[in-house]
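Chemist: Residue-level listing of the chains:
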Amino acid sequence: MTTLTRTSTPGPPVVVPGSKDDTTGGDRAVATVSHTVLIIWSIIVILPLLWTLLSSFKTSSEIFASPFALPAEWNFDNYVSAWVSSGIGGMFLNTVIVVGFALVLVMLLGGMCAYVLARFAFPGRRAIYYLMLAGLTFPVFLAIVPLFFVLRNIGLLNTLPGLILTYVAFALPFTVFFLYSFFRGLPDEIAEAAAIDGAGEWRTFFQVMLPMARPGMASVAIFNFLGLWNQFLLPVALNSNQDNYVLSQGMAGFASSAGYAVDFGALFAAVVITVVPVLIVYVIFQRQLQGSVSQGTMK
Amino acid sequence: MTAAGADPGRAIAVGVGPSGRRKPSRGPRRRRLSVDYVSFMLVFLGLPLAIFLIFVIWPFVQAVFYSMTDWTGFTAEFNVIGLGNFEKLINDAIFMKAMLNSIKIAIVVPIVTIVIALTFATLITVGGPSKGQVRGIRNSSFYRVVSFFPYVIPAIVIGLIWRQMFDPSAGLLNGLLTGLGFEQFDSYAWLGKVGTALPVTMFVIVWGAVGFYMLLFIAAIKGVPAETLEAARIDGAGRFRTAVSIVIPLIRDNVQTAFIYLGIMALDAFVFVQALNPSGGPDNSTLVMSQQLFRTAFTQGQFGYASAMGVVLAIITLLFAALVFIINWATGGRDEGGRA
Chain A
1 MTTLTRTSTP GPPVVVPGSK DDTTGGDRAV ATVSHTVLII WSIIVILPLL WTLLSSFKTS
61 SEIFASPFAL PAEWNFDNYV SAWVSSGIGG MFLNTVIVVG FALVLVMLLG GMCAYVLARF
121 AFPGRRAIYY LMLAGLTFPV FLAIVPLFFV LRNIGLLNTL PGLILTYVAF ALPFTVFFLY
181 SFFRGLPDEI AEAAAIDGAG EWRTFFQVML PMARPGMASV AIFNFLGLWN QFLLPVALNS
241 NQDNYVLSQG MAGFASSAGY AVDFGALFAA VVITVVPVLI VYVIFQRQLQ GSVSQGTMK
Chain B
300 MTAAGADPGR AIAVGVGPSG RRKPSRGPRR RRLSVDYVSF MLVFLGLPLA IFLIFVIWPF
360 VQAVFYSMTD WTGFTAEFNV IGLGNFEKLI NDAIFMKAML NSIKIAIVVP IVTIVIALTF
420 ATLITVGGPS KGQVRGIRNS SFYRVVSFFP YVIPAIVIGL IWRQMFDPSA GLLNGLLTGL
480 GFEQFDSYAW LGKVGTALPV TMFVIVWGAV GFYMLLFIAA IKGVPAETLE AARIDGAGRF
540 RTAVSIVIPL IRDNVQTAFI YLGIMALDAF VFVQALNPSG GPDNSTLVMS QQLFRTAFTQ
600 GQFGYASAMG VVLAIITLLF AALVFIINWA TGGRDEGGRA
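Chains A and B supply the protein sequences, listed in that same order.
Here the first sequence is numbered in this note's numbering, starting from 1 and rising by one per residue.
Here the second sequence is numbered in this note's numbering, starting from 300 and rising by one per residue.
Chain A on its own, in the form it takes in the complex:
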């Protein structure tokens, strides 16, 4: 804020006819201060990530010797030991399975539910809408203890299907809310045309409305992917079987073991392994992601 205050002197911003240079002294000062602040922040963001990448190639003793030194030899030993001995490989697979299934299910169910809520009138519609809102607002921590027993009673505690179902359930309100406004915005005429052409409700949804909702579905799917991949509390509380661990639990294992017992090289390698898939998704979908934030907030 200070950067702005300092340079706020309005100065007559009237464009003087005939002034040739594009930048005034005030402009240059503002630009300098702004760039300085933003560059400092960029460094604060990037530096830890680069340092993590660098450290993932060092041995534990090198890590302790100096935070700056480059690794003596560049090899993937840490990655191998993280993948194999720390079990990150298995956890990676579990995460892919859980997130994959949960994502497909929540998109399908969320799309269906949002479609019905947005385009059909029936008693209880508002009540369902407010229930969803409650699901968004209340902390998951309130539900976590009973949820543990709900899953145990139906025999899904510590299993991947149990985890998938809870992921779906807790991602549902967000999905429904976002898609709700999306389906409302779709023109009625096309659904009517489909009905006149003899399409039933099922066909109208799957062959007409769902394809039209693709942009909205894509945005929500990206958010859900990131959210589910990064999910922490649900697996930690509901999935204590080591074979079914997901990546975030493996990370938590590093966090809670005592300092001397940790293989720090493997830790850094595991961090890189966890971050790279989401970074790839981010880089590929960067435009859509930023687009979808604006899409929802504008118009």
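It should be emphasised that the hints constitute simulated quantities derived from the structure, not laboratory data.
In silico SDA-like pairs for lysine to any residue, Cα to Cα no more than 25 angstroms straight-line:
| id | chain 1 | residue 1 | chain 2 | residue 2 |
| --- | --- | --- | --- | --- |
| 1 | B | 521 | A | 185 |
| 2 | B | 396 | B | 578 |
| 3 | B | 492 | A | 262 |
| 4 | B | 492 | B | 584 |
| 5 | B | 521 | A | 282 |
| 6 | B | 521 | A | 33 |
Fit chain B to the supplied structure of chain A, relying on the hints for placement.
Modeler: Here is chain B on its own, set in the frame of chain A:
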């Protein structure tokens, strides 16, 4: 990082915003009852709703009931003890400490995050030269992309990275500081000292949150009509004046949403504290409600008592949201009701 894939505020943030202007379609219609329609409704509404009710709403309801019992989870019988758990909570020094820490985080983190995110968003969108079209500074997309990085990194990993950064002897921070000549930071335990553990934790949460909100505000500011900004400039408003008097009032709904979501996240904060200081920090200085709840439930097995903590957490969350609404209303949000 509260719900799976669903940060509540994000849904609200993305769904609401200044989108109120969009004309709704003709609205829902009633249909005739037919096999097609009934089967359609059963599957399309019934299936998602069943999952949602069983795994989300039902546990919420149960939690409120359990909070009034002395249930330990693994025995079938328990006694309803009314508000006994809540009385016990008030006299529980550790929980009260955790609650205080949570509240501190919920006050500091949203304010700091929003000030930083709003400043950066303004610089990027309207901070540019004061001549010609109103625009942002150069290279703004670089800053935007970089600032957003932390959002895609799992929170637990953010915590782990920063725990290593703050490591007393092997961490980069102390390496840099001692390298710059600040010898007193040689093996300074940032996370191990009562004075710095909580601020450092807050910093890490802010680090992870700024990018997303920056993006959200950028999107909102881009929704402000260019003519409005031009008009302000012609009337003699400088950048700071434009930001404070034009931009912020026009996106105040987004700011309110951001506050609520950040508050919900900060009151949780479980992932971060669990990564940075799984034991609660020196003298419990980073212990938060969620962490204490988790411990009470899953290591001590006091499920009734833990549920009471969950109820307190939920009440504080709702109070926080109400407070944000009231402040927004009292500071002038009411004058502009209905505006974009």
